[in-house]
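Colleague: Model the full structure from these sequences, guided by the hints.
In case you want the letters, here they are:
Number of protein chains: 2
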Amino acid sequence: MSSSGTAPAYRRLTVDQRRTQLISAALGLFAHNPPEDVSLDDVASTAGVSRPLVYRYFPGGKQQLYEAALRSAADELEQCFAESQTGPLTSRLARALDRYLAFVDGHDAGFMALLQGGSVVQTSRTHAIVDEVRRTAADQILFHLGFRTEAAPHGPGEDGSAPQGHQAGPRLRMTVSTWITVVEAASLIWLDEEKQPPVGELRDWLLDHFVALLMASATRDAETAGIVRRALDLEERDGPVGELARRMLPVVTDKVHLL
Amino acid sequence: MSSSGTAPAYRRLTVDQRRTQLISAALGLFAHNPPEDVSLDDVASTAGVSRPLVYRYFPGGKQQLYEAALRSAADELEQCFAESQTGPLTSRLARALDRYLAFVDGHDAGFMALLQGGSVVQTSRTHAIVDEVRRTAADQILFHLGFRTEAAPHGPGEDGSAPQGHQAGPRLRMTVSTWITVVEAASLIWLDEEKQPPVGELRDWLLDHFVALLMASATRDAETAGIVRRALDLEERDGPVGELARRMLPVVTDKVHLL
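Chains as they are written, first to last, in my numbering: chain A, 1 to 259; chain B, 1 to 259.
In short, the hints are calculated from the structure, not lab data. Watch out, some of these pointers could steer you wrong.
It does not matter which identical chain is used: a pair holds within one copy or between any two.
[What the hints assert, rightly or not] In silico SDA-like links for lysine to any residue, alpha-carbon gap of 20 angstroms or less:
(1) Lys-195 <-> Asp-221
(2) Lys-255 <-> Ala-245
(3) Lys-195 <-> Asn-33
(4) Lys-62 <-> His-127
(5) Lys-195 <-> Ala-96
(6) Lys-195 <-> Gly-106
(7) Lys-62 <-> Ala-74
(8) Lys-255 <-> Leu-234
(9) Lys-255 <-> Arg-220
(10) Lys-195 <-> Asp-108
(11) Lys-255 <-> Gly-226
Since the structure is predicted, the reported quantities are computational estimates derived from the model, not experimental observations.
Modeller: So this is what it looks like as structure tokens:
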């Protein structure tokens, strides 16, 4: 392996910088191509380095690079869920959803290949990474609803919006996990339908579904009902819940035989 | 390969009967064990035949047997969705859900391994089979909502409950597909939580979610609103929608700042 033809910039990178550069090149390729269509040569030439250098950093080859790229994407995705604890819950969720959908938009092919499965490079380790992202998303939502989570073992702070600090019950956890699945499924359908409807409409529709699922669960579960009632106090008349409620009226208004 | 030790019953089976017997043995094994733990020897000994005989019927070995077993399970699952076109929509859906959840209950490990992915025997062909089951479920629901589908190109019959016979728009299709994902995800969580809550509660909760998702979509989509209004006319006061509406009231009743 000769370094005679390398540009100065080639050598100036530290080990960490080089590793980051290779992962970033791999992520770009995996994000826009199914994993089976990405070769180590592609990664090397995208990063402007030799194939042996890629192997020096990733002796496990494509599988190891894929996992490192996935790990990096998972870290980025988990950043989307961090949100301050102020204002109506639906506004917080809308901001997190905007960041999440921007990620989906920017990593479309890779996101699809990853979540749809069937890829040659999927293993129990890659599944564990995807599951961790889902769990982080669920934990963040439960935290904002006022619950203690693994990441925040003492529950939310002192701002009054979330006073409980114990663990959520099974029905509420199932509702939240289910909605996260809804978001994933809707994102895949959205990519499949060439990103229609516009992303803002998709976001509003997912917010509606969150409210609808939580409301439906609240009718059968006292804990969820308490959470919903406290969350509704924070909502504003012009916010998503108020709008949803007012849009619902004309649909059901003459169906009094059901009440 | 000697046939000296075989019982008379061994030879009496026709080719089709033998094939069916082997698939049924494989399905039983795949339903209760992760695919990687099932060997051809297991299938042979469960069916009471020799390993070479299994290979004669399935020269592709375990992969071919797995796909045949999956195909057979998919056919069985698709039967769950067939439902007559009478009565409130939620009653039809409840009956289909009962059959589906009974299938999940009876094929727990295999169902989980299949839908969670990551199995060594998963290929684009097995994914296509799973996708076909999802599409069949979606088509059945859209058919009952009054739409033309691939399986019923002229739409529903003359019984008046479903007078349209054109294709559903993208938002309604997305709502239905999303709910099917909810059912799958909730089924997996249910298996993971040792089949808690009781299956009847899970069924009612999934029905609530169907109504809630459809209602939320109806507020943004005229087509869905029309469908919901017609469906509500068929619902009974003591049915799931009436009960959901009455249970919803105490949760929201003093939140007038949102209306």
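Colleague: Can you list which hints this structure breaks, lowest number first?
Modeller: When the structure is compared with the hints, none of them turns out to be violated.
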